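Trainee: Residues per chain, in single letters:
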Amino acid sequence: MTVERAIANQTEARIRQEQAHESAENSKFGFIVFLLSETMIFLGLFAGYITYKTTTTDWYPAGVTGLETREPLMNTIVLVSSSFVIYVAERYLHDRKLWGFRIFLLATMAMGGYFLWGQAVEWRGLTFGFTDGLFGGTFYLLTGFHGLHVLTGILLQSLMLGRSFIPGNYESGMFGVEATSLFWHFVDVIWIVLYTLIYVWQ
Amino acid sequence: MANISLEPTPSISAQPYPGAPDNWRRFFTFSTDHKVIGIQYIVTSFFFFLVGGTFAMIMRGELITPDADLVDRTVYNALFTMHGSVMLFLWTFPVLVGIGNYLVPLMIGARDMAFPRLNAVSFWMIPIVGILMMVSFLVPGGASQSGWWAYPPVSIQNPTGNLINGQFLWLLAVALSGISSIMGAVNFVTTIFKMRAPGMTWFRTPAFVWSVLAAQLIQLYGLPVLTAGAVMLLSDLSFGTSFFAPERGGNPILYQHFFWFYSHPAVYVMVLPAFGMFSEILPVHARKPLFGYRVVAVSSILITLISGVVWVHHMYASATPGWMRMLFMVTTMLVAVPSGIKVFAWVATIWGGKIRLTTPMLFALGGIINWVFAGVTGIFLGSVPIDIHVNNTYFVVGHFHYVLYGVIVFGIFGGIYHWFPKITGRMYYEGLGKLHFVLTFAGTFLIFLPMHPLGLMGMPRRVASYDPEFAYWNVVASLGGFLLGMATLPFILNMVSAWIRGEPAGNNPWRAYGLEWLTSSPPPVENFEEIPTVISPPYGYGQDQPLIATNEHQEATQVP
Amino acid sequence: MKLRAIILISIMAVLDGLLSVWMAQQSYSWFPPQASAEAKLYDQLFSIFVGLGTFIWVGVMVPIFYSLIFHRAAKYDASDGPAIAGSTTLEVIWTLIPVVIVLSLSLVSYRTYDKMGTQGPETLVHLHAPHLMESAYAEPVEREPEEPASVETNPVESVDVTAKQWAWVFHYPEQDVTSTELHLPVDRRVRLVLRSEDVLHGFYVPAFRVKQDVVPNHTIDFEFTPTRTGTYRLRDSMYSGAYFAANQSNVVVQSPQGYQQWLAMAASQTPQPAYNQAADEYSQNNNNVAVRGWKRVVPAPPPVVNYAPRYAEEPESSDDPENHLEG
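Sequence lines, in order, name chains A, B and C. Residue numbers for the first sequence follow numbering that gives the first Met the number 0, beginning at 0 and rising by one. Residue numbers for the second sequence follow numbering that gives the first Met the number 0, beginning at 0 and rising by one. Residue numbers for the third sequence follow numbering that gives the first Met the number 0, beginning at 0 and rising by one.
Wrong hints could be hidden among the right ones.
What the hints assert, rightly or not - The calculated lysine-lysine pairs, modelled on DSSO-like cross-linking and capped at a C-alpha distance of 27 Å, are:
hint: 1; chain 1: C; residue 1: Lys39; chain 2: C; residue 2: Lys114
hint: 2; chain 1: B; residue 1: Lys433; chain 2: C; residue 2: Lys74
hint: 3; chain 1: B; residue 1: Lys193; chain 2: A; residue 2: Lys27
hint: 4; chain 1: A; residue 1: Lys96; chain 2: A; residue 2: Lys27
Note that these hints are calculated values from the structure, not bench results. Quantities reported herein were computed from a predicted structural model and do not represent experimental measurements.
Full structure from sequences and hints, please.
Mentor: Here it is in structure tokens:
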């Protein structure tokens, strides 16, 4: 260990400190950029869905007349309200009330879980599959791809929940929680468009 | 006009900060230093450039005679598919990301990219993409044979019936490359938005940084749409869905929209950084400010915007209704306007300057000459009636190779020569560099120009055999192709020998104006001892105005 | 000094203009024979583009090379050039002129396209597309005065075109004649009905300067007017798999009488399997290449047609047909 190295380490430490809050800022910016980019995948899939629906003559596979909308509506309400719940959780964390944060985060996860379960039940009850025409293909592709995002959101939330028990976890900012919350809102907004396209517009 | 200190740095291998060994081993580690990652990108992609070039020369060998007599037709089809895929996904995209990676933080006065670890992850996906592509030659049925567009239904025909087939591996590789590119784009955009040095306002940001930003914004809006199309193609291929499968009621044309919505702008992802490098190289070697710098900078963003609404010009002949053809003809032609602005600005930049024909300058000028030609033929192709005859012929092949090789690869070579002394601390050999330029320019001319008359005569692209009437120009093109292949040898020789035992170059051998030239060569870890404060716009040649606020550390390297 | 510059620039512009006109005239010789009304329109449009393109290219190259010759730094001259950072006037000029140029080129192209009126798909993807482009087949095709004025402008011949991996089959519905060679009468508007049995193909006759992709599951109408008798090449222009390059055929444009005679002759023949290069190469597994290939899509059997320039029974010109398939 030379003197040179010691000086270098010192300098590095100083720079790291300077950059700490800057980097949290950057992370947030980068995450928003990523979400905007992610939106384009869904926009692409939506555009494909709209094109197929308006140009296909035999839209529904044989024996299918449409989709049941009641349970999915229930599901939608739960998912959309969970956006408010995670917002409350974030407020609690902001006020450094960790237990409030945890409880509301857990509630969000439960609501997300309910949504996924509801979707699984719906999938099981359907008479058509992924390969049944363009309707089957786009339906499972869109809902499945969105469901994957919901699952990711729940995993992120459980990660945040776990990390809230680490002492001093929030000293360098709350980027993780903010990003998780932002992601959850994103998943919700996408679902609203998706629900309108698939269930409302029949 | 004060003279700047030209005394060579005592030892180029000195690293101001320990912990970054100046040895080759660090290039094989998961380094998070943007300069190491930049070099990793450049060297890895150059390897694949040689692979893709080898494919091209086998193809030119096949095409030197009219009959399909060198390789089987399926092999030829796999070769052109993989030539395109390797050259785009493993050479042009990554090498430009590499150059951007190396230069952007230095040019904006940052210590690194915004997300160094993400940066390293993005890079290490590239070798995996390469391995997947190469392995696909070994699976039963061979590598993908549907062209780099992978248009269905051909791409989902899968004659072997296996789940693991060439097309499947190809899609996997492209998806990985897409993820890597998206991560890279997020990184670049954040870095450029948030990490510019104090005082570096948008209009004090170098044109190269603007062009990288413009290019990466395209990645962000375009790539996800291609991903959506690729996911649907994959499920058609592997799970039997019907999105693009006509025999199951699907619509193969929709894939083309997904594909070109990204893949046309993708050309701008590649050409914009090349333009940016021209804008950096010309002022240095003509000793004049970049003419109309602000307009040049903004025109990059303009190209980003227009490029999002031109994709259908690839589909004039493919079941596109008349109104759509007309609409996209007008938008396509409008791209010529910002591109023209750049060309005129470059000409005005060198006009009346003190020009030195160094190797980077030669490559930049050669690139501009080729670009004017390729731009003109591009306008031809934008016109619907003209395109209908030459669409899917060698005219198009000639046009885009003029862009990709004549402009982009020239830009890359120019950029590598220009910043080689910065990257390695040593000077390349000027004579070998000039030889490289002459051979490359002649080769490019000989191989790609004859493709234009071939296209006008009606030779379709992607053919393994052709009618004897096309033989003459094909022989010329093939000979040009072999010449172009050989032209790479002096470059490799130059780079390797100069890096090992070239003359020490000093921190600023070009007496160039720019933050990257203010630090040592090669730059230390974290780039700058102290983050500079920028006080004037770039390209201050002929003006007695310093680029950065003076303080005790930077006096010595101050550019007048 | 300023006057000298203006004179010099004017002289350069005139020279550039003359060169461009010469190039524009040259461009007519770069094409295969001009065998359709569309080809004539096409070559005129292309010539305009070539002229303008030459003017721009030379116009940019001259100042670049002038600079490179006269504005070089002396060997030990370490000074900088003049610090000219820009000129708003110039920048506005070189933004506006290209805008005007490209918009006029779009307009010229539109007019040519409108005159060609090759139909093509109106209903694909965008079902409710407004029928903006009124087809021009009802309008008289522009012709030189000395040419016969008896051109039929209504589509009189309708031919079904079927593309597959890898063959072209032409069916004349009125006479119920099939052929692997497309015969057409001269100076008649022709309507083709394009269909594909498997993947995308491209109907492309360079001598006619027309091209249209053929899309499976869709029927695409396509029109043009051959104006010159002779035999031309029809090529598949949209990559269609292993034997794509071999998927070619001939187009024979004949006098109306000759065409009718051919139809009658073809109708009297019993259908036979035609020679098909893809099927033929596949059956030999193309042993005359240096590098063997992989498993591929099996070509469709040779089409059975009334008329074919070569029938499958004819002896092959290939070298060693005794070898057999691999896996």
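Trainee: Hint by hint, note whether the structure agrees.
Mentor: Do the hints match the structure? See the list:
| no. | hint | in the structure |
| --- | --- | --- |
| 1 | C:Lys39 to C:Lys114 | 11 Å, holds |
| 2 | B:Lys433 to C:Lys74 | 18 Å, holds |
| 3 | B:Lys193 to A:Lys27 | 11 Å, holds |
| 4 | A:Lys96 to A:Lys27 | 23 Å, holds |
When held up to the earlier numbered hints, the structure conflicts with none and fits them all.
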